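Chains as they are written, first to last, in the numbering used here: chain A, 604 to 941; chain B, 504 to 703; chain C, 41 to 166.
Please note that the accuracy of each hint is not assured.
Calculated pairs, SDA-like style, for lysine to any residue (alpha carbon to alpha carbon, straight line, at most 25 angstroms) [unchecked claim]:
(1) K807(A) / Q768(A)
(2) K670(B) / R691(B)
(3) K56(C) / D554(B)
(4) K669(A) / A652(B)
(5) K739(A) / D611(B)
(6) K670(B) / D554(B)
(7) K739(A) / K602(B)
(8) K739(A) / A652(B)
(9) K644(A) / V616(A)
Just so you know, these hints were derived from the structure itself, not from any lab.
Since the structure is predicted, the reported quantities are computational estimates derived from the model, not experimental observations.
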Amino acid sequence: MIRCDQITDSINVGILTIDSELMVLYMNTWFALHAELDSKKVVGQPLTSLIHLKPEHIISLKRRIKTTLVLQAPSFFTADSDGYLFPMKHSITTKSAFEYMQQDISIVPYNSAQNQVTLLVYDQTVLMEEKNKCHKESTELSRAIAVANETIKKLESAKTKLVKQQEIIYKQAHYDSLTGLANRTLLHQRLQLLIEEGFSYTKKFGVLFLDLDHFKKINDTLGHDAGDELLIKISKILLLCTRKSDTVGRIGGDEFLVLIDDVADEETLMRIAQKIIDTIKEPITIKENMLHVTISIGMSLFPEHGADFNELIKNADIALYDAKAAGRNGYKLFKDDV
Amino acid sequence: MASFTFNPSQEDTLKELINVSFGVAASLIGDLLESHAKLHIPEISTIAIQDFDAKILELLGEEETFYLTKQRFIGSFNGEVIFAFTPKCATSFCNLLLKSDEALDEADTKSSILELTNIITSACISQLCEIINGQTVFQVPSIEKRDIALLDNYERIVGYDNVIVIKTALDIEQENILGHMFILLNNRMLEHLQYIMEGL
Amino acid sequence: MSGREKMIFLVVDDSKISRKWLIEMIPPRIAEHTTIIEGCNGEEAVALYKEHRPDIVFLDITMPVIDGIEALNVIKKINPEAIVVMVSADRQKSTQSTVLALGAKAVLSKPVDGNEFRATLLSLVS
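Whole structure, please, built from the sequences with the hints as guidance.
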């Protein structure tokens, strides 16, 4: 013979049997202890006189009881959504977010003919505490992730700025700011490279030293703005007359240096020079003035006219002087007449 | 794994069984809300468990969040019932049930929906259980608010092979509350159910 | 009962299985003297009533096209003495009073209890 009351009075679950009018039929030890009642004195008493229940809880309790009786299946209160039904002290000794024990309550049929049900009360306070803690940690983690992401964005933005600055500095160091052509530094580098390649692969290349004729006069007559505009237009023409593998640079006021890579012979170089001269001779419009601009070119060829940077430049310069002396608007190739 | 389909006669039987159980549930809901309630099934279908997430997306894709309830039932007839509600429908039902002057919060909505789904689940599963001559015990239900955008992050459901998808509509007090009910069963349960229904 | 004309029953429900269950509950000694006609919606219910003038009509309430309540109304207009039994999953009191007021002889709640059905049937047949 099993003594059920022995079992029900020792388990860690609240057991309360009531009817649809909330009249108490049975209360186990656990429930009585937590409700601070005497389990022997509660039978036949209305629940509402024994425990303080919120009015809305009384309504929802009666609703759940009806559901259980009609469907002959359990109804529930959950700690997660309902918190607590019976105000009982919980067992957590440290500071808790909850004032009262959080409860999961199952309502099951007991004697349907008499409209009686049994309530089973489970203490879920510890679980709910853990859940809250996890939620809090999860929120903090999300926040930390958000901050980290923000920092990453800022770092990436800073990196992009630095890279841009790097590019600007490089450009300023290697290119002429007015015309966008290579400057002395870049020309020097390219020329060195051509010399090395010239030795390695036995190929010739040409150095063209160009000078705009009477540029000072144009500058003085039309003003510096016009002069600048002319230089820009000349730069574009020079780029058009050369290939991608060639280098066009500006080394001074109206002086240009063009490196022609992989030249077959002197004739080829002269053809290129002539092409430049012919193209520049075409009328150019600067600030509503139609100008006829001419150019003088001095040329040296590697390796015939020099095997290093200084020699090639010097000889191209000498050739340019000759071209000017010969009446300008033309080209001269360096001749070693000495 | 091929998904189960019911033949027309089995589907008719299943629909009728659920209809009857819904009649019981509607009657109770109407009683609790003191108003006439009608619970009907616009649609019923079966899908494989792998397609569950896709189905949720199909039915609720336009929402940002939705409520999901779960309740297991164990015994010789066992499985799980899941419900999905849009926040709008959930709040509507909560307002009807609690009829409070005070503003109703998230906890109230969750509590109301759990109550509703428990009623429908109990009625429906008990009815099926009776036909199948099985026994079942209902577990404590749970409810969560989920993000559609994070659907992939939630834990996968395991232990079931098939889902009976039932679109449920609760008409009460000029409100139309639409819920999506999913009965999750493993192959053995479903086969048994089919077998019994065939014999009816 | 020999020499007596066969009775006609009209069973209307959109669910085939539901009709089957109801028909199976008819006691054999009544069933063998009865012709049973089936319909699956309110519109058919009315049409079949006009055509066959059954002795008893069993009508489900929730049906497509025309529902049971509407069909009840029309049948009663055709023949105020028509014997109609409503069968429904909707067991709410408000529904019950509505159909009884419209002239239904009885309301049976689904799932239909065999004994309750037979008791109702016997009271109507005699």
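Hints versus structure:
1. K807(A) / Q768(A): Given that 25 angstroms is the threshold and the Cα spacing comes to 37 angstroms, the pair is violated.
2. K670(B) / R691(B): holds (24 angstroms)
3. K56(C) / D554(B): violated (30 angstroms)
4. K669(A) / A652(B): Given that 25 angstroms is the threshold and the Cα spacing comes to 39 angstroms, the pair is violated.
5. K739(A) / D611(B): holds (22 angstroms)
6. K670(B) / D554(B): The hint holds at about 16 angstroms.
7. K739(A) / K602(B): Since the Cα atoms of K739(A) and K602(B) sit roughly 32 angstroms apart, the hinted pair is violated (cutoff 25 angstroms).
8. K739(A) / A652(B): holds (22 angstroms)
9. K644(A) / V616(A): Given pair K644(A), V616(A) holds - Cα atoms ~20 angstroms apart, limit 25 angstroms.
Against the hints set out earlier in the document, violations occur for numbers 1, 3, 4, 7.
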